[in-house]
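> Required output: the full structure, derived from the provided sequences and hints.
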Amino acid sequence: MFAASQAISLLKRLRRLSPQELGLLLQAWPVLAGVRVVMKTLPGPALTRMAQPLTKGRGETHPDLKRLAWAIKTAGRFLPGGKHCLSQAVALKALAATRGQDLQIELGVLKRDGEVLAHAWIECGGSVLLGNRADLDQFERITPPMFRSSGTRVE
Numbered sequence: 226m227f228a229a230s231q232a233i234s235l236l237k238r239l240r241r242l243s244p245q246e247l248g249l250l251l252q253a254w255p256v257l258a259g260v261r262v263v264m265k266t267l268p269g270p271a272l273t274r275m276a277q278p279l280t281k282g283r284g285e286t287h288p289d290l291k292r293l294a295w296a297i298k299t300a301g302r303f304l305p306g307g308k309h310c311l312s313q314a315v316a317l318k319a320l321a322a323t324r325g326q327d328l329q330i331e332l333g334v335l336k337r338d339g340e341v342l343a344h345a346w347i348e349c350g351g352s353v354l355l356g357n358r359a360d361l362d363q364f365e366r367i368t369p370p371m372f373r374s375s376g377t378r379v380e
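Residues in the sequence shown are numbered from 226 upward in steps of one, following the working numbering.
Heads up, a few of these hints could be off.
Claimed, not checked - Mimicking PhoX-like on lysine-lysine, the simulated pairs with C-alpha atoms at most 20 Å apart in a straight line are:
| hint | residue 1 | residue 2 |
| --- | --- | --- |
| 1 | Lys291 | Lys308 |
| 2 | Lys237 | Lys298 |
| 3 | Lys265 | Lys308 |
| 4 | Lys298 | Lys308 |
To be clear, the hints were calculated from the coordinates, so they are not data collected in a lab.
Written as structure tokens, this is what we have:
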């Protein structure tokens, strides 16, 4: 639960957003929340379906993918479990698909100090769009076909 001071701080930050940023944030939050619900309650195939392009673009010019990534990361700060890397990656892929963009989710593993770490991220144009971390280059990619981009735009 938010304390009163947290709520006031959140409202102040929201007031500083442009109408476009606020709109993206209001689109990102329910998508990310839906991904979290699916991940917690439904079997794996449901997540696989969410990772596929979901909706045909409506012919609109999509916002910059960096702004979509920003919206997902920002929404994740205000949602329990919203900072989970796979949740954010699936949510970004789904939100981008509604704008005709087919992104690929990258999955990787890293063995460190006897533990196996897993991470999900999205790259676009040779740079990490979402999920960057200092040790990302040490992860071995294991991206399964269900998370790969088809290489085409969704129409």
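> State for each hint whether it applies.
Now the hints, each set against the structure:
no.	hint	result
1	Lys291 - Lys308	holds, 17 Å
2	Lys237 - Lys298	holds, 18 Å
3	Lys265 - Lys308	holds, 14 Å
4	Lys298 - Lys308	holds, 7 Å
In this structure, none of the earlier numbered hints is contradicted; all agree with it.
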